[in-house]
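Which chain is which? The protein sequence lines are A and B, in order.
Take the first sequence: its position 8, counting from 1, is numbered 7 in numbering that gives the first Met the number 0, and each next residue is one higher.
Take the second sequence: its position 19, counting from 1, is numbered 18 in numbering that gives the first Met the number 0, and each next residue is one higher.
Take the hints with a grain of salt, since some may be wrong.
Unchecked claim - Part of the chain B face toward chain A, derived, beta carbon under 7 Å:
hint: 1; residue: Ile-96
hint: 2; residue: Arg-105
hint: 3; residue: Tyr-121
hint: 4; residue: Glu-124
hint: 5; residue: Ser-149
hint: 6; residue: Ile-157
Hint data in this document are derived by calculation from the structure and do not stem from the laboratory.
Glycine included, C-beta positions come from ideal geometry on N, C-alpha and C.
Protein chains: 2
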Amino acid sequence: MTRAELINQIKKKKSFLCVGLDTDIRKMPAHLLSSGDPIFEFNKQIIDATADYCVAYKPNLAFYEAEGSMGLESLQKTIEYIPKEIFTIADAKRGDIGNTSSLYARAFFEKMNFDSITVAPYMGEDSVVPFMAYDGKWVILLALTSNKGSKDFQDLDINGRSSKLFEEVLKTSRKWGTSENLMYVVGATKAEKLRAIRKIVPDHFLLVPGVGAQGGSLEEVAKFGMNHDCGLLVNSSRGIIYASSGYDFAIKAGEEAKKLQQEMEQYLDVYL
Amino acid sequence: MTRAELINQIKKKKSFLCVGLDTDIRKMPAHLLSSGDPIFEFNKQIIDATADYCVAYKPNLAFYEAEGSMGLESLQKTIEYIPKEIFTIADAKRGDIGNTSSLYARAFFEKMNFDSITVAPYMGEDSVVPFMAYDGKWVILLALTSNKGSKDFQDLDINGRSSKLFEEVLKTSRKWGTSENLMYVVGATKAEKLRAIRKIVPDHFLLVPGVGAQGGSLEEVAKFGMNHDCGLLVNSSRGIIYASSGYDFAIKAGEEAKKLQQEMEQYLDVYL
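Chain A with its partners taken away, still in its complex shape (with noise of 0.2 Å):
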């Protein structure tokens, strides 16, 4: 999908939502498992019930892989039922070197026919530009994630660059590709991270895990992290797709994915 498609998507449903499809066969409703795929089955559901309200699905890839090659196969039936004008993302932190890379690739983009992927940064450019030899393709680069974890390493302060490692990944890889083709995960969800980040990348789109049930304001994130083109895909996973556990999960799944779609709505009005 080009950025304009994107852009254009976001305009018309007034959304910037990417549903995260996090499907855990052991938080779904009983009522499912008796299906002969209940993660496709679930999957399917829920994107009959927000599909209006969000641009973007992600799956995460572990939740798929913890179930084995039938897991996989209800991943290719998600990604063959999602309707094209809405993004994929497969969330599946990938990145080696070079050769393998490219076979990642191949795996995500041509096997599974996914929009993006998410790829770690560690081993620096080699293992992140085989995926970018797609037309239409691209890939979102871990800059700063939302997890306890990421202080670990990505706040630390690189010497003589008067930055964060984290900035260091920006500043490096934007190099790499262009807003075109690439995008952030940043989990911040505080101004003053978003100010510094989007003085380095001002025109990539950035997608932001961590509102809802990580805790983060989604205010805050669209009123510092918005750009001429909206430039954010705001994530929620656990909140949409496990608002109820009964026979109403898809019903409440799309009641929460349009209070989010109509909050969204007011902030594109205000800040875009």
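Add chain B to chain A, keeping to what the hints say.
Only chain B this time, still in chain A's reference frame:
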């Protein structure tokens, strides 16, 4: 597998060789393509030919994922076929927030029964420790990789620590586990770096890629990387598994593995 069991294997076989199963359907001998499961058939013959000379096998997940769910079935059969006394490494370079890393651990340690997995450090402690919750299972954390891009971030000087980032990763992460459940990927083949690394982690096993096709010297690695328990697993992938592309591919693979084992035997005699 416990550390004592691994060391026992090394002493018994006089080898610290790890064979990388980077099995690419496009590179394997043509006569295998008509078998029902070419990837497994290739691996089976490679394992039969090399099991006497190596102490570990390291399938690279990208090669299997690139073939979709069929590839993962080939991988599962491969893991089951590897003799139980040989250490298995899922070269997967995973790492995500805690609950997600727990699911990857379930996938690799429970579903697939690997002994260990390679993990990327960028997301910090809570992305790594869930893999250490299993008795007899190991994390192999990326410290210094052997690719060109390793210079982009791993070699950055950290302010106030007189460390490069990869050294900081070693110093910080060694507190997360012990030498009984934590190893490091160290793509160093130079004396200077190996000495510096051994000062920080004298007891831990190091998994060293980059000998052979990637150009490192096995003798340097043995001389400056070995500790009182050997403490090394040295990987060779392409140099062994693609030693020949004909009907004799397994015989040639066995010969290459034996050559490396014999060289390793010398170094074990001299440096251990």
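Status of the hints after comparison with the structure:
1. Here the hint on Ile-96 (chain B) is kept, as its CB sits about 4 Å from the closest CB of chain A, short of 7 Å.
2. Here the hint on Arg-105 (chain B) is kept, as its CB sits about 5 Å from the closest CB of chain A, short of 7 Å.
3. Satisfaction of the interface hint for Tyr-121 (chain B) is found here, the shortest Cβ-Cβ separation to chain A being roughly 5 Å, below the 7 Å cut-off.
4. Annotation: Glu-124 (chain B) was flagged as interfacial toward chain A, and the flag holds, the nearest CB pair being 4 Å apart, inside 7 Å.
5. The beta carbon of Ser-149 (chain B) is positioned within 7 Å of a beta carbon in chain A (closest approach about 6 Å), and the interface hint is therefore held.
6. Taken as an interface hint, Ile-157 (chain B) checks out: its beta carbon lies about 5 Å from the nearest beta carbon of chain A, inside 7 Å.
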